[in-house]
Amino acid sequence: MSQRTLVLLKPDAVRRGLVGEIIGRLESKADWRITALELRTLEKATLEQHYAEHVGKAFYPPLLDFMLSGPSIVMVVEGERVIEGVRTLAGPTDPIAAAPGSIRGDFGTIVRENLIHASDSEESAEREMKIFFPGLV
Numbered sequence: 002m003s004q005r006t007l008v009l010l011k012p013d014a015v016r017r018g019l020v021g022e023i024i025g026r027l028e029s030k031a032d033w034r035i036t037a038l039e040l041r042t043l044e045k046a047t048l049e050q051h052y053a054e055h056v057g058k059a060f061y062p063p064l065l066d067f068m069l070s071g072p073s074i075v076m077v078v079e080g081e082r083v084i085e086g087v088r089t090l091a092g093p094t095d096p097i098a099a100a101p102g103s104i105r106g107d108f109g110t111i112v113r114e115n116l117i118h119a120s121d122s123e124e125s126a127e128r129e130m131k132i133f134f135p136g137l138v
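Counting from 2, one number per residue, gives the positions in the sequence shown under our numbering.
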């Protein structure tokens with residue numbers, strides 16, 4: 002079943018020059034294709050909407066600061082089982098727990114700066130794509 006998901010390459014991925022490597026891993030999957038892609042400096046209001054479920058948690062203010070620290074790549078990836086697949090390719094948030102071969106396992110350094118975001122469900126993907134690409138949905 003074909004799906005769409007939102008993927009963010011966070012400021013650390015852009016700053017470290019890993020955009021091409023990560024996009025290459027996404028594009029190497031036979032059924033997946035990138036259907037929207039932009040380099041953006043994200044606005045605080047957009048990030049507050051995206052991370053609304055984390056308001057009040059200790060990591061929320063530093064997360065916003067990190068996401069505001071530089072440009073991000075915002076994209077929509079489409080394909081067979083892409084939601085589950087991109088999350089597997091990304092690996093767990095903690096780079097120490099992430100398997101070699103995953104993006105975070107190969108390139109991650111700390112939990113807070115974890116290179117990539119991928120929607121965790123079809124509902125999240127729909128909600129997140131509306132935030133970042135309102136004309137696409």
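Read the hints as simulated data drawn from the structure, not as lab findings.
Just so we're clear, the structure is a prediction, and the values are computed from it rather than from any experiment.
Cβ atoms here follow ideal geometry from the backbone N, Cα and C, with glycine treated the same way.
Please note that the accuracy of each hint is not assured.
Simulated restraints on C-beta separations [stated by the list, open to error]:
hint : residue 1 : residue 2 : range
1    : 102       : 49        : 20 to 26 Å
2    : 22        : 53        : 29 to 35 Å
3    : 132       : 66        : 16 to 22 Å
4    : 45        : 82        : 29 to 35 Å
5    : 63        : 125       : 18 to 24 Å
6    : 72        : 25        : 32 to 38 Å
7    : 71        : 112       : 30 to 36 Å
8    : 125       : 41        : 26 to 32 Å
9    : 3         : 42        : 27 to 33 Å
10   : 131       : 69        : 26 to 32 Å
11   : 125       : 29        : 20 to 26 Å
Simulated pairs of lysine-lysine, DSBU-like, Cα-Cα distance not exceeding 30 Å [unchecked claim]:
hint : residue 1 : residue 2
12   : 45        : 131
13   : 58        : 45
14   : 131       : 30
15   : 131       : 58
Going through the hints against the structure:
The given range of 20 to 26 Å is broken by residue 102 and residue 49, whose C-beta atoms sit roughly 34 Å from each other. Taken as a hint, the range 29 to 35 Å holds for the pair residue 22 and residue 53, whose Cβ atoms sit roughly 31 Å apart. A hinted range of 16 to 22 Å holds for the C-beta pair residue 132 and residue 66, which are about 19 Å apart. Distance hint for residue 45 and residue 82: a CB-CB separation of about 33 Å, consistent with the stated range 29 to 35 Å.
Range check, residue 63 to residue 125: about 22 Å between beta-carbon atoms, so the 18 to 24 Å window is met. Taken as a hint, the range 32 to 38 Å is violated for the pair residue 72 and residue 25, whose Cβ atoms sit roughly 19 Å apart. The supplied range of 30 to 36 Å is broken by residue 71 and residue 112, whose beta-carbon atoms lie about 18 Å from each other. Checking the proposed 26 to 32 Å range against residue 125 and residue 41 shows it is violated: the Cβ atoms sit about 19 Å from each other.
Between residue 3 and residue 42 the C-beta distance comes to about 31 Å, which sits within the given range of 27 to 33 Å. Judged by the Cβ atoms, the range 26 to 32 Å given for residue 131 and residue 69 is violated: they are separated by roughly 21 Å. For the pair residue 125 and residue 29, the beta carbons lie near 24 Å from each other, so the given range of 20 to 26 Å is met. With a CA separation close to 16 Å, the supplied pair residue 45 and residue 131 stays within the 30 Å bound.
Between residue 58 and residue 45, the direct Cα distance comes to roughly 17 Å. Compliance with the 30 Å bound is thereby established for this hinted pair. For the given pair, residue 131 sits about 25 Å from residue 30 by alpha-carbon distance, which is consistent with the 30 Å threshold. Taken as a hint, the residue 131 and residue 58 pair is honoured in the structure, with Cα atoms around 24 Å apart against an allowance of 30 Å.
Going down the numbered hints, you'll see the structure goes against 1, 6, 7, 8 and 10, while the others check out.
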